[in-house]
Amino acid sequence: MSIGQTFLGLLEASPRHGYELKRVYDERFGQGRPLHYGQVYSTLARLLKSGLVSVDGVEPGAGPERKRYAITEAGVTDVRRWLAQPEKPDAYLQNTLYAKVVLGLLTGRDAADILDVQRAEHLRLMRTLTRRKADGDLADQLICDFALFHLEADLRWLELTAARLDQLATTLASTTPAPQAGPAAAQAGPAAPQGGPPAAQAGTAARRGGSTGREVSA
Amino acid sequence: MSTEEQPLLAAVALHKAYGATPALDGASLAIRAGEVVAVMGPSGSGKSTLLHCLAGIVRPDAGAVRYRDRELSAMPDAERSALRRGEFGFVFQFGQLVPELTCLENVALPLRLAGVRRREAERRAAEWLARLEVTDVAGQRPGGVSGGQGQRVAVARALVTAPRVIFADEPTGALDSLNGEQVMRLLTGAAREAGAAVVLVTHEPRVAAYADREIVVRDGRTRETVLADR
Chain S
1 MSIGQTFLGL LEASPRHGYE LKRVYDERFG QGRPLHYGQV YSTLARLLKS GLVSVDGVEP
61 GAGPERKRYA ITEAGVTDVR RWLAQPEKPD AYLQNTLYAK VVLGLLTGRD AADILDVQRA
121 EHLRLMRTLT RRKADGDLAD QLICDFALFH LEADLRWLEL TAARLDQLAT TLASTTPAPQ
181 AGPAAAQAGP AAPQGGPPAA QAGTAARRGG STGREVSA
Chain E
1 MSTEEQPLLA AVALHKAYGA TPALDGASLA IRAGEVVAVM GPSGSGKSTL LHCLAGIVRP
61 DAGAVRYRDR ELSAMPDAER SALRRGEFGF VFQFGQLVPE LTCLENVALP LRLAGVRRRE
121 AERRAAEWLA RLEVTDVAGQ RPGGVSGGQG QRVAVARALV TAPRVIFADE PTGALDSLNG
181 EQVMRLLTGA AREAGAAVVL VTHEPRVAAY ADREIVVRDG RTRETVLADR
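Going down the list, the protein sequences come from chains S and E.
Terminal number for the first sequence in UniProt numbering: 218, no gaps in between.
Terminal number for the second sequence in UniProt numbering: 230, no gaps in between.
What the hints contain is simulated information worked out from the structure, not anything from laboratory work.
Note that beta-carbon positions come from the ideal geometry of N, C-alpha and C, so glycine has one too.
There could be a bad hint or two in this list.
Here are the computed distance ranges between Cβ atoms for each label pair [claimed, not checked]:
hint, chain 1, residue 1, chain 2, residue 2, range
1, E, Ala20, S, Asp140, 26 to 36 Å
2, S, Gly136, E, Gln6, 27 to 37 Å
3, S, Arg23, E, Gly44, 48 to 58 Å
4, E, Ala17, S, Val117, 51 to 61 Å
5, E, Asp212, S, Tyr19, 53 to 63 Å
6, S, Arg28, E, Ala64, 27 to 37 Å
Short, incomplete list of chain S residues facing chain E, as computed with Cβ under 8 Å [what the hints assert, rightly or not]:
hint, residue
7, Gln39
8, Val40
9, Val117
10, Ala120
11, Leu123
12, Met126
13, Arg132
14, Ala134
15, Asp137
16, Ala147
17, Leu148
18, Glu152
19, Glu159
Non-contacting residues of chain E with respect to chain S, defined by C-beta distances greater than 10 Å in every case (computed) [claimed, not checked]:
hint, residue
20, Leu8
21, Ala30
22, Arg59
23, Ala74
24, Arg84
25, Glu87
26, Arg206
27, Ala208
28, Ala211
29, Asp212
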């Protein structure tokens, strides 16, 4: 989440001091991870430098920073653009899990276990969020719901993948390049690896190739 | 194992086949008093058959179902039916309310069947309708209420006899997100307050998240993943 643009949005609502911005940000968006004062003032310095905010007034006081900040027209334009732009969906978790499942199959492990453990972890977080929702106000509920729907999407993917493990193992085996694909493999010849784990045939075959994961994910 | 640790309801190595198709292939689980357990799994995995065996609706081909100190799978039908009426409550995907009765009469029905006088049964039914936030549909027939309201009436009917176990089979399957959430909040909230255990069959993770833990059924077998730092 962009702190700068969130600050701009808060300043568009009303001019504020730096410490006030931090307090509102932490309350509304902090989710238990409050901003450091260093982050607050470096962000404000950056926004000031790029002309998105201006100093609206300076008050005398004991603290080091008593400036009041206001958004500029350029800042309002920036907020408008940011709000209108969709966020990039985060697909990194799936990439990691996908890699684990493929590696599980390739190394002869029970890939269903990997998915089960991940499901249990996802559900544990979902239970925590569901409890937090029950105790919270509407804002809490909406924020938790957002996370819950995303976690549910991950779980659907886990279920679908669990149902397709056999198919995936077969695909991994059938898309494994022949040993002569690389110079080292050509020298080693087509012999099956020895002394490895009792991998399923598909996994063993797939393990002989180096680029299986890439081909499947393409 | 002390008495407190004894499960309220347990299934041990259940097998059940419908013709040549196996539905359960060695499923086992144990549920403690007052616990909410989600039974998850893909369609056709055997989770509904497991619920039906646990509730004494279906007799397993092999294995045992124990409720407290009694073996459900060995009980005569009449005794099992009496147990179901007295100690178990049921919520299904589609409320399965009696269409000719009003919502209040539907909720009072299990009490009437248990011999409670009409006025008292309807007084208690009205309390449960209020608890489930559907007092306003008391006089209406099920055909005239929304899906979410109908499910809340069904939950009230399941709870009115103060059961020890509530069996809920996809209770939100026919509802949208908001209504499903309200039904789950009220169902689990009321069950926890009443100290009733809930066996919740669902394939929806957001519904399962209302439970204390989950058991996954796959190919007729149960799997429970207990994470290390619990």
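Evaluation of the provided hints:
Distance hint for E/Ala20 and S/Asp140: a CB-CB separation of about 51 Å, inconsistent with the stated range 26 to 36 Å. Judged by the Cβ atoms, the range 27 to 37 Å given for S/Gly136 and E/Gln6 holds: they are separated by roughly 36 Å. Distance hint for S/Arg23 and E/Gly44: a CB-CB separation of about 53 Å, consistent with the stated range 48 to 58 Å. Separated by about 31 Å at the C-beta atoms, E/Ala17 and S/Val117 break the suggested range of 51 to 61 Å.
Between E/Asp212 and S/Tyr19 the beta carbon distance is about 42 Å. The supplied range of 53 to 63 Å is therefore violated. About 54 Å separates the C-beta atoms of S/Arg28 and E/Ala64, a value inconsistent with the hinted range of 27 to 37 Å. Hint on S/Gln39 is violated. Least Cβ distance to chain E is approximately 31 Å, over the 8 Å limit. About 34 Å separates the beta-carbon of S/Val40 from the nearest beta-carbon of chain E, more than 8 Å, and the hint is not met.
A cut of 8 Å between beta carbons decides the hint on S/Val117: the least distance to chain E is about 6 Å, and the hint holds. Taking 8 Å as the C-beta contact cut-off toward chain E, the hint placing S/Ala120 at the interface holds, the least distance being around 4 Å. Satisfaction of the interface hint for S/Leu123 is found here, the shortest Cβ-Cβ separation to chain E being roughly 6 Å, below the 8 Å cut-off. This hint holds: S/Met126 has a C-beta 4 Å from the nearest C-beta of chain E, less than the 8 Å allowed.
At about 11 Å, the closest approach between the beta carbon of S/Arg132 and any beta carbon in chain E exceeds 8 Å, and the interface hint on this residue is violated. For S/Ala134, the interface hint holds, the least distance from its beta-carbon to any beta-carbon of chain E being 7 Å, beneath 8 Å. Hint status for S/Asp137 relative to chain E: violated, with the closest Cβ pair at about 15 Å, above 8 Å. The interface hint given for S/Ala147 is broken, as the beta carbon of that residue sits about 11 Å from the closest beta carbon of chain E, more than 8 Å.
Hint on S/Leu148 holds. Least Cβ distance to chain E is approximately 5 Å, under the 8 Å limit. Among the interface hints, the one on S/Glu152 holds; its C-beta lies about 5 Å from the nearest C-beta in chain E, closer than the 8 Å criterion. Hint status for S/Glu159 relative to chain E: holds, with the closest Cβ pair at about 6 Å, below 8 Å. With 10 Å as the threshold on Cβ separation, the claim that E/Leu8 sits away from chain S holds: the shortest Cβ distance comes to roughly 21 Å.
A cut-off of 10 Å between C-beta atoms confirms that E/Ala30 is not in contact with chain S; the least separation is 18 Å. For E/Arg59, the shortest C-beta to C-beta distance to chain S comes to about 30 Å, beyond the 10 Å cut-off, and the non-interface label holds. Every C-beta of chain S lies more than 10 Å from that of E/Ala74, the closest at about 33 Å, which supports listing it as non-interface. Distance check on E/Arg84: its Cβ is at least 29 Å (rounded) from any Cβ of chain S, clearing the 10 Å threshold; non-interface status holds.
The Cβ of E/Glu87 lies farther than 10 Å from every Cβ of chain S, with a closest approach of about 27 Å, so its non-interface assignment holds. The Cβ of E/Arg206 does not lie farther than 10 Å from every Cβ of chain S; its closest approach is about 5 Å, which violates its non-interface assignment. With a closest Cβ-Cβ approach of about 6 Å to chain S, E/Ala208 is found to fall inside the 10 Å limit, against its non-interface label. Against the 10 Å criterion, E/Ala211 falls within the reach of chain S, whose nearest CB is about 7 Å from its own CB.
Its closest Cβ contact with chain S, about 8 Å, brings E/Asp212 to no more than 10 Å, contrary to its assignment away from the interface.
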